[in-house]
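Quick note, the sequences are listed as chains A and B, same order.
Each residue of the first sequence is one higher than the last, beginning at 1 in my numbering.
Each residue of the second sequence is one higher than the last, beginning at 1 in my numbering.
It should be emphasised that the hints constitute simulated quantities derived from the structure, not laboratory data.
Here the structure is a predicted model, which means the values were calculated and not measured.
It cannot be assumed that every hint is accurate.
Where chains are identical, the list cannot tell them apart; a pair therefore holds if satisfied intra-copy or between any two copies.
Below, in silico cross-link-like pairs of lysine-lysine (DSSO-like), each with a Cα-Cα straight-line distance of 30 Å or less [stated by the list, open to error]:
#  : residue 1 : residue 2
1  : K183      : K161
2  : K200      : K214
3  : K22       : K150
4  : K161      : K200
5  : K43       : K161
6  : K107      : K200
7  : K162      : K66
8  : K70       : K200
9  : K55       : K183
10 : K200      : K74
11 : K178      : K55
12 : K200      : K71
13 : K149      : K53
14 : K71       : K161
15 : K162      : K150
16 : K66       : K43
17 : K214      : K120
18 : K214      : K71
19 : K70       : K178
20 : K162      : K74
21 : K161      : K120
2 protein chains.
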Amino acid sequence: MEVRLLLLEGRTDVSFFLPLIKEFYRFRESNAGCEILPFSKDKELSRPICLIKYKTLLVILHANGKDNLKKALKAVFRAVERFEDRPTIIGVARDVDTEENILNWAKSTLQAGGFEPEVKNGYLLVNGITIVPFGIGDVTFDAKDIEPKKELELLMTLLAKKESNLSRLENSISQLSKDLERKLTPKDVMHLLAIARNYKGDSMSGLYRNFIEKLIRENRGLIEEFLDESGLRTFLETIAR
Amino acid sequence: MEVRLLLLEGRTDVSFFLPLIKEFYRFRESNAGCEILPFSKDKELSRPICLIKYKTLLVILHANGKDNLKKALKAVFRAVERFEDRPTIIGVARDVDTEENILNWAKSTLQAGGFEPEVKNGYLLVNGITIVPFGIGDVTFDAKDIEPKKELELLMTLLAKKESNLSRLENSISQLSKDLERKLTPKDVMHLLAIARNYKGDSMSGLYRNFIEKLIRENRGLIEEFLDESGLRTFLETIAR
Numbered sequence: 001m002e003v004r005l006l007l008l009e010g011r012t013d014v015s016f017f018l019p020l021i022k023e024f025y026r027f028r029e030s031n032a033g034c035e036i037l038p039f040s041k042d043k044e045l046s047r048p049i050c051l052i053k054y055k056t057l058l059v060i061l062h063a064n065g066k067d068n069l070k071k072a073l074k075a076v077f078r079a080v081e082r083f084e085d086r087p088t089i090i091g092v093a094r095d096v097d098t099e100e101n102i103l104n105w106a107k108s109t110l111q112a113g114g115f116e117p118e119v120k121n122g123y124l125l126v127n128g129i130t131i132v133p134f135g136i137g138d139v140t141f142d143a144k145d146i147e148p149k150k151e152l153e154l155l156m157t158l159l160a161k162k163e164s165n166l167s168r169l170e171n172s173i174s175q176l177s178k179d180l181e182r183k184l185t186p187k188d189v190m191h192l193l194a195i196a197r198n199y200k201g202d203s204m205s206g207l208y209r210n211f212i213e214k215l216i217r218e219n220r221g222l223i224e225e226f227l228d229e230s231g232l233r234t235f236l237e238t239i240a241r
Numbered sequence: 001m002e003v004r005l006l007l008l009e010g011r012t013d014v015s016f017f018l019p020l021i022k023e024f025y026r027f028r029e030s031n032a033g034c035e036i037l038p039f040s041k042d043k044e045l046s047r048p049i050c051l052i053k054y055k056t057l058l059v060i061l062h063a064n065g066k067d068n069l070k071k072a073l074k075a076v077f078r079a080v081e082r083f084e085d086r087p088t089i090i091g092v093a094r095d096v097d098t099e100e101n102i103l104n105w106a107k108s109t110l111q112a113g114g115f116e117p118e119v120k121n122g123y124l125l126v127n128g129i130t131i132v133p134f135g136i137g138d139v140t141f142d143a144k145d146i147e148p149k150k151e152l153e154l155l156m157t158l159l160a161k162k163e164s165n166l167s168r169l170e171n172s173i174s175q176l177s178k179d180l181e182r183k184l185t186p187k188d189v190m191h192l193l194a195i196a197r198n199y200k201g202d203s204m205s206g207l208y209r210n211f212i213e214k215l216i217r218e219n220r221g222l223i224e225e226f227l228d229e230s231g232l233r234t235f236l237e238t239i240a241r
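Whole structure, please, built from the sequences with the hints as guidance.
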């Protein structure tokens, strides 16, 4: 069994990546896959979600929030020592925010944890494990009333714009920006998406997941285009091909 | 120890009632209080939250959703048989929705569960326990672009209107209603409140709780007025005085 890990910032990121990996790369969830994992009840890491395809086990973990991602990455490397099948690839995705170079960020985080990562072909190598960092939100987005904050919700905003949900609210977005005397953030736009889609759930991450699942079902071409535009295709091909 | 129970529809209702009961009626949370309770791991009922004031233990439970409330009420009555100190009062709060008579609803639910409730002073009596039903959302609310659905979010909308958060978005609300070609629901308004308050959390119930806690701290008079207008005062005085 080849083991790969994907470390994310938080629950909303899991809601975003999970349907993409399951539907586009044909992994299926398997609790049994998780049982063999040597994660201790680490407060730095979420409960793992295990996905299986043929002889590949892809384990998704999150850090319970952006601020814990560095600690979580170190915790993953501590856990890796106890794996029977040492992971071949560890993907780490985080919001770009104002970080210009995600590779450097990952490298210095690992160095601070006492590791000596080597840079190779745009990836990092530590003890034979390939670390693939990915910055979420690195897209061109041009809308006069929306602040293009480089975060997960900007990708969701791009998707909602490609779909018709957002375009019919253009006047509302403009009026809101006027009333609030500021541009809307991508997170604000997600609340408008909830209204447009008549979403009743308590958690915003549930909305993300529903929305992506619906698009995959009904407008796969749009998601294909989006994967290329956001750089996600290259990342997903590496960890989930 | 006098034991009282409060059964609610779901998590969002807990987020709404908890700060009111803690801050206005000076109960404090106590896990120890919960340990003596004979609830089995009932899938019909949430984990109890225990609140204590002097010699009164107030236990809050929810039904994991509106559709399960009837089952949950019956589960509560089954559990009550196993209590060492039998509860004196059980409060049951639900959205009014289109139900015109909450007392009758509670009565027929209990009858369907094999109990013989007796009506007395607007309450129900079953085996010496007073059942106090409450309908959430029974307020007069007049706004041309908002549908006054009688539910928890209508109370929150009323609060947001009393505070300044909503009034500065009047034009946005009107534009949204135009773009969507429908009136906004109170749940839609909650998403606008999230935008206006720059709320970053994943769960809407977290917003409700933050908003109420802030108002209690900063504008207690407004909450006092709201308690009277919504009928909540009478209900809370009965279960939490």
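So, going through the hints one by one against the coordinates:
1. In this homomeric assembly, K183 and K161 come within 30 Å of each other (Cα to Cα) both inside a single copy, at 16 Å, and across copies, at 23 Å.
2. In this assembly of identical chains, the alpha carbons of K200 and K214 lie at most 30 Å apart whether taken from the same copy (16 Å) or from different copies (24 Å).
3. In this assembly of identical chains, K22 and K150 lie within 30 Å of each other by CA distance solely inside one copy; the values are 25 Å within and 39 Å between copies.
4. For the identical chains of this complex, K161 and K200 are neighbours both inside a copy (21 Å) and across copies (21 Å), given an alpha-carbon limit of 30 Å.
5. Taking CA atoms no more than 30 Å apart as the test, K43 paired with K161 passes in neither setting, with 37 Å inside one copy and 40 Å between copies.
6. For the homomeric pair K107 and K200, the shortest alpha-carbon distance between copies (29 Å) is at most 30 Å, but the shortest distance inside one copy (41 Å) is not.
7. For the identical chains of this complex, K162 and K66 are intra-copy neighbours only, at 27 Å inside a copy versus 35 Å across copies, given an alpha-carbon limit of 30 Å.
8. Proximity of K70 and K200 under a CA criterion of 30 Å is satisfied inter-copy only: 21 Å between copies versus 34 Å inside one chain copy.
9. In the homo-oligomer, the alpha carbons of K55 and K183 never lie at most 30 Å apart, since the shortest distance is 48 Å inside one protomer and 52 Å across protomers.
10. Taking the shortest Cα distances, K200 and K74 sit within 30 Å of each other only across copies (26 Å), while inside one copy they are farther apart (37 Å).
11. In this assembly of identical chains, K178 and K55 lie within 30 Å of each other by CA distance neither inside one copy nor across copies; the values are 54 Å within and 53 Å between.
12. For a Cα distance limit of 30 Å, the shortest separation of K200 from K71 across copies, 22 Å, qualifies, whereas the shortest one inside one copy, 34 Å, does not.
13. Taking the shortest alpha-carbon separations for K149 and K53, neither the intra-copy value of 35 Å nor the inter-copy value of 47 Å comes in at or below 30 Å.
14. Taking the shortest Cα distances, K71 and K161 never come within 30 Å of each other, neither inside one copy (35 Å) nor across copies (42 Å).
15. Proximity of K162 and K150 under a CA criterion of 30 Å is satisfied intra-copy only: 18 Å inside one chain copy versus 35 Å between copies.
16. When the C-alpha separation of K66 and K43 is checked against a cutoff of 30 Å, the pair qualifies only within one copy, where the shortest distance is 14 Å, while the shortest distance between copies is 33 Å.
17. Taking identical chains as interchangeable, the C-alpha atoms of K214 and K120 are never at most 30 Å apart, the minima being 38 Å within one chain and 51 Å between chains.
18. Taking the shortest alpha-carbon separations for K214 and K71, neither the intra-copy value of 34 Å nor the inter-copy value of 32 Å comes in at or below 30 Å.
19. In this homomeric assembly, K70 and K178 never come within 30 Å of each other (Cα to Cα): the closest approach is 38 Å inside a single copy and 46 Å across copies.
20. Proximity of K162 and K74 under a CA criterion of 30 Å is satisfied in neither setting, with 37 Å inside one chain copy and 48 Å between copies.
21. In this assembly of identical chains, the alpha carbons of K161 and K120 never lie at most 30 Å apart, being 36 Å within a copy and 57 Å across copies at closest.
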